[in-house]
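I would like the entire structure built from these sequences, with the hints used as guidance.
Each chain is listed here by its residues.
Number of protein chains: 2
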Amino acid sequence: MAGLTGGDPSLLRRINSTVVLHALRATDSATLTEITRVTGLSRPTVEGVVEGLIEAGLVVEAAADEGTARRQGRPARRFRFRAEAGHLLGLEIGPHRVAALLSDLDGRVIGAQAKDVGEGAPADERLERLRTAVAELLRRAGVARGSLRAVGAGTPGIVEADGTVRLGTALPGWTGLGLGERLSRSFRCPVLVENDANAAAVAEHWKGAATGSDDMVFVLAGLSPGAGALIGGRLHRGYGGAAGEIGALHLLGRDVTPETLLSTTDEPLHPLDEQAVAKVFAEAREGDRRARAAVERFIQRLVHDVAALVLALDPELVVVGGWAAGLDGVLEPLRRELARYCLRPPRVALSLLGEAAVATGALRLALDHVEEELFAVEGATARR
Amino acid sequence: MAGLTGGDPSLLRRINSTVVLHALRATDSATLTEITRVTGLSRPTVEGVVEGLIEAGLVVEAAADEGTARRQGRPARRFRFRAEAGHLLGLEIGPHRVAALLSDLDGRVIGAQAKDVGEGAPADERLERLRTAVAELLRRAGVARGSLRAVGAGTPGIVEADGTVRLGTALPGWTGLGLGERLSRSFRCPVLVENDANAAAVAEHWKGAATGSDDMVFVLAGLSPGAGALIGGRLHRGYGGAAGEIGALHLLGRDVTPETLLSTTDEPLHPLDEQAVAKVFAEAREGDRRARAAVERFIQRLVHDVAALVLALDPELVVVGGWAAGLDGVLEPLRRELARYCLRPPRVALSLLGEAAVATGALRLALDHVEEELFAVEGATARR
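Top line first, the protein sequences correspond to chains X and E. Read in this note's numbering, the first sequence has 198 at position 191, and its numbers run on one by one without any break. Read in this note's numbering, the second sequence has 58 at position 51, and its numbers run on one by one without any break.
Check before you lean on any hint, since a few could be wrong.
As the list makes no split between identical chains, a pair holds if one copy fits it or if it spans any two.
With a straight-line Cα cutoff of 25 angstroms, these simulated SDA-like cross-link-like pairs (lysine to any residue) come out [what the hints assert, rightly or not]:
{"#": "1", "residue 1": "K214", "residue 2": "G247"}
{"#": "2", "residue 1": "K214", "residue 2": "G183"}
{"#": "3", "residue 1": "K214", "residue 2": "Y246"}
{"#": "4", "residue 1": "K214", "residue 2": "E68"}
{"#": "5", "residue 1": "K122", "residue 2": "R138"}
{"#": "6", "residue 1": "K214", "residue 2": "L334"}
{"#": "7", "residue 1": "K286", "residue 2": "R32"}
{"#": "8", "residue 1": "K286", "residue 2": "R347"}
{"#": "9", "residue 1": "K122", "residue 2": "P197"}
{"#": "10", "residue 1": "K286", "residue 2": "E362"}
{"#": "11", "residue 1": "K122", "residue 2": "R156"}
{"#": "12", "residue 1": "K122", "residue 2": "S193"}
{"#": "13", "residue 1": "K122", "residue 2": "E293"}
FYI, nobody ran anything at the bench for these hints, they're computed from the structure. In this text the structure is predicted, and so the values were computed from the model without any measurement.
This is how it looks when you write it as structure tokens:
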């Protein structure tokens, strides 16, 4: 506390660097005069800080604006944040496919790559497919592996803080896998592993259906349902990373699984066969009686799971995602039933990101990590 | 940001005052030398701050310790925080009773008062009973109304941020009641209104069964069940204050209410008749077959509600409260069933505060408010 009155020179330099980086990142480019005005720092301080940032490769002198050059004899030098100074990866490791998104330090996506993988593939094969996808993506984009500053990954299951999958029944060999450690072998930067529904929640909040909602729930309405929640704009992981794992709810006093509910025969669907699910939805739309009954049963079940989440958390918004096809049919019944049972019914919207949600959220988590490192000043001051 | 380097004299005074108050509040009494050592402030600064705090009535010279006086000719003056410089009230407004707790500025309870009230009593009558209880409590404790610095109140229902009851079906005339405004007429200090289960969660975390758990759920296992949750030590109210209102969950695909489940006859129990509930629990303990079956049904229902909360939130600990009698019988089945259905089962404990939980939590919320005013420095610095 007493230190606040004195001042630590290295902390002060870091604060000032961060202030300048913040200002530059919020605009295309700026002159020293503009930076001085926006930040409230003195001219010599700004000059020193900008010089340091140029040396660190994070700032560069921008090409002079032609318009300005024409109006004035000698335009002031302009500087810009070098978003290309580093790169980020967002990975999805799912039951049917692996996918990777590549972005610059502003989070602007500059490449994507996905590969199918068998749902029965062992962990080694799944990770090998992912490594191949990443290698192709980096090569195509012309980005060196050493330029990566952080990697995020989203995958089904309960993920511990260190990236170990505590429980993951959807993928073979996933429970107990040290996924963070395994991925780290391929990268020299930090790797962050997150539950897939959690990553999707972050993605919809970043650039999907929930950009205006800091209190939202994302429901992965698959056959193995899961959910992710943001509370006050922050991911709620739960004490042991298991928050939102509502898949077990139906076991309580209900013996039927979604695979049974959605079946139009006496045989349950395969738990991971989402094509079969899409087929049932399509048949229901075409008026097939058994398919409609199956979809009806499935929606009741989804309503029950979502209602439990809504009653527990009271979010502003529920975003439903997980399948490309047929899911829009669940919105109306979901709205109607939530209005009946919830004291304060939330808005309900369809995912805008679709199958890109998990990798996009993983990318955002990597970006958050880098921003914390580059721009974590207010927190650092408060903690002193 | 730039202000950090210069320094605002009034902010600095406030920071220094807070630092000294913090130090004094953590101990019985301290000399100026001790305060200087603990705070890192200079001797003249400490002298000035302590003088200001004495003028404000928050600090007083402590009586000299006799042991010290004997050892040294002239002992250094000692100072202490005046916890008696103000008082706080924690109120419970429930279906069957109103209750009030009185404390000093350290949160030490110095008096309590409760009054029965009919479950059918209109809002005016209920509030009048509460006013009487408060008046008697203050008179008995010899505390002037003007000494109150904050009042907390816990009550069933969804409570808005301004203290209005958005929905409260448990008490007649409660829905739409401007409870905060009504209570404010009796006090000149801030009044904070909170949902009863939320208040109980805060209480168990403060001095009950959850003192070590920042991620916990309190389940009010009454006939009208509700829950409160702390996430990272902070109350989770939800976007509209409706988080944890799990009472409606049974409506989803289940037509039975707890009143029906717990009945041993064809007639449901009265929704608020908790004596009838205690009787059923007692009969079940004595081996009555119908009572045992009723308790079994009720426990299954409770397990379902709690499982929904646990799957959504993943707390470290679930504290069950709400009745004095019979509730201990639900712990074992609850633990067993949660272990079956939850991917990461939480610990389960019985409320330690019993029927004092709601008023105790309301008192803690009042204390939080006062502490924020007296001691809110880190937040103030970070927000600058």
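Non-conforming hints, listed in increasing numerical order = The structure breaks hints 2, 4, 7, 8 and 13; every other hint is satisfied.
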